[in-house]
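Chemist: Sequence:
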Amino acid sequence: MIFTQADLDIANRHIAESEEQVSRQERKVTVLRMQHLDTELAENILTVFYETLLIHNASRDMIAAQLRQK
56 MIFTQADLDI ANRHIAESEE QVSRQERKVT VLRMQHLDTE LAENILTVFY
106 ETLLIHNASR DMIAAQLRQK
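When you read off a place in the sequence shown, starting at 1, and then add 55, the result is the number in the numbering used here.
Treat the hints with care, since some could be wrong.
To be verified - Simulated restraints, written as ranges between beta carbons of each label pair:
| no. | residue 1 | residue 2 | range |
| --- | --- | --- | --- |
| 1 | 63 | 102 | 43 to 53 Å |
| 2 | 99 | 60 | 27 to 37 Å |
| 3 | 93 | 60 | 22 to 32 Å |
| 4 | 102 | 56 | 26 to 36 Å |
| 5 | 99 | 122 | 30 to 40 Å |
| 6 | 71 | 93 | 25 to 35 Å |
| 7 | 92 | 119 | 15 to 25 Å |
| 8 | 68 | 106 | 12 to 22 Å |
| 9 | 68 | 99 | 17 to 27 Å |
| 10 | 68 | 123 | 28 to 38 Å |
| 11 | 68 | 102 | 21 to 31 Å |
| 12 | 99 | 72 | 28 to 38 Å |
No lab work stands behind these hints, which were simulated from the structure alone. Ideal placement from N, C-alpha and C gives every residue a C-beta, glycine not left out.
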(Lines of atoms letter the chains of each structure in order from A and count residues from 1; the text may use other names and numbers.)
(Lines give C-alpha, C1' and ligand atoms only; values in the text may rest on other atoms or scores of the structure.)
Protein backbone atom coordinates (compact mmCIF):
# COMPACT_ATOMS: atom_id res chain seq x y z
CA MET A 1 0.00 0.00 0.00
CA ILE A 2 1.22 3.48 -0.81
CA PHE A 3 0.86 6.09 1.92
CA THR A 4 0.88 9.87 1.72
CA GLN A 5 1.58 12.68 4.15
CA ALA A 6 -2.18 12.93 4.62
CA ASP A 7 -2.19 9.34 5.91
CA LEU A 8 0.54 10.23 8.39
CA ASP A 9 -1.41 13.29 9.51
CA ILE A 10 -4.50 11.15 10.10
CA ALA A 11 -2.46 8.62 12.07
CA ASN A 12 -1.05 11.41 14.23
CA ARG A 13 -4.56 12.73 14.83
CA HIS A 14 -5.72 9.26 15.86
CA ILE A 15 -2.83 9.06 18.33
CA ALA A 16 -3.73 12.43 19.83
CA GLU A 17 -7.37 11.38 20.17
CA SER A 18 -6.39 8.04 21.72
CA GLU A 19 -4.08 9.76 24.19
CA GLU A 20 -6.97 11.99 25.24
CA GLN A 21 -9.24 8.94 25.67
CA VAL A 22 -6.60 7.27 27.84
CA SER A 23 -6.22 10.40 29.93
CA ARG A 24 -9.98 10.76 30.46
CA GLN A 25 -10.34 7.11 31.37
CA GLU A 26 -7.43 7.28 33.82
CA ARG A 27 -9.19 10.17 35.54
CA LYS A 28 -12.42 8.14 35.71
CA VAL A 29 -10.60 5.21 37.29
CA THR A 30 -9.03 7.57 39.83
CA VAL A 31 -12.41 9.05 40.74
CA LEU A 32 -13.94 5.61 41.16
CA ARG A 33 -11.05 4.53 43.40
CA MET A 34 -11.37 7.68 45.51
CA GLN A 35 -15.05 6.86 45.96
CA HIS A 36 -14.20 3.24 46.83
CA LEU A 37 -16.32 1.99 43.93
CA ASP A 38 -15.75 -0.99 41.65
CA THR A 39 -13.18 -0.12 38.99
CA GLU A 40 -13.05 -3.42 37.10
CA LEU A 41 -15.02 -2.31 34.04
CA ALA A 42 -13.32 1.09 33.92
CA GLU A 43 -9.92 -0.59 34.12
CA ASN A 44 -10.85 -3.04 31.36
CA ILE A 45 -11.88 -0.14 29.15
CA LEU A 46 -8.61 1.61 29.98
CA THR A 47 -6.70 -1.50 28.91
CA VAL A 48 -8.50 -1.46 25.56
CA PHE A 49 -7.68 2.23 25.15
CA TYR A 50 -3.98 1.51 25.87
CA GLU A 51 -4.01 -1.31 23.31
CA THR A 52 -5.68 0.92 20.75
CA LEU A 53 -3.04 3.59 21.32
CA LEU A 54 -0.32 1.00 20.72
CA ILE A 55 -1.97 0.00 17.45
CA HIS A 56 -2.22 3.62 16.33
CA ASN A 57 1.47 4.16 17.17
CA ALA A 58 2.48 1.06 15.22
CA SER A 59 0.42 2.19 12.23
CA ARG A 60 1.94 5.65 12.34
CA ASP A 61 5.44 4.19 12.56
CA MET A 62 4.78 1.96 9.55
CA ILE A 63 3.44 4.88 7.51
CA ALA A 64 6.35 7.11 8.52
CA ALA A 65 8.88 4.40 7.61
CA GLN A 66 7.34 3.97 4.18
CA LEU A 67 7.33 7.71 3.57
CA ARG A 68 11.03 7.92 4.52
CA GLN A 69 11.80 5.25 1.89
CA LYS A 70 10.37 7.35 -0.94
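Chemist: Between the beta carbons of residue 102 and residue 56, is the distance compatible with 26 to 36 Å?
Modeler: 29 Å, holds
Chemist: For the pair residue 68 and residue 102, does the Cβ-Cβ distance stay inside 21 to 31 Å?
Modeler: 23 Å, holds
Chemist: Hint says 25 to 35 Å; check whether the CB-CB distance for residue 71 and residue 93 agrees.
Modeler: With Cβ atoms ~30 Å apart, the hint holds.
Chemist: Does the Cβ distance between residue 93 and residue 60 fall inside 22 to 32 Å?
Modeler: 45 Å, violated
Chemist: How does the Cβ-Cβ distance of residue 68 and residue 123 compare with 28 to 38 Å: does it lie in that range?
Modeler: Roughly 20 Å apart at Cβ, these two residues miss the hinted range, so it is violated.
Chemist: Is the gap between the beta carbons of residue 99 and residue 72 within 28 to 38 Å?
Modeler: Taking Cβ atoms as reference, residue 99 and residue 72 lie about 20 Å apart, which means the hint is violated.
Chemist: How does the Cβ-Cβ distance of residue 92 and residue 119 compare with 15 to 25 Å: does it lie in that range?
Modeler: Violated: the Cβ-Cβ distance is about 41 Å, outside 15 to 25 Å.
Chemist: Is the gap between the beta carbons of residue 99 and residue 60 within 27 to 37 Å?
Modeler: 36 Å, holds
Chemist: Given a hinted range of 17 to 27 Å, is it respected by the beta-carbon distance of residue 68 and residue 99?
Modeler: 26 Å, holds
Chemist: Is 43 to 53 Å respected by the C-beta to C-beta distance linking residue 63 and residue 102?
Modeler: Because 27 Å falls outside the window, the suggested range is violated.
Chemist: For residue 99 and residue 122, compare the CB-CB distance with the range 30 to 40 Å and indicate the outcome.
Modeler: Since residue 99 and residue 122 have Cβ atoms about 35 Å apart, the given range 30 to 40 Å holds.
Chemist: Just tell me: holds or violated, for the beta carbon distance of residue 68 and residue 106 against 12 to 22 Å?
Modeler: About 19 Å separates the Cβ atoms of residue 68 and residue 106, which means 12 to 22 Å holds.
Of the numbered hints stated above, those contradicted by the structure are hints 1, 3, 7, 10 and 12, listed in ascending order.
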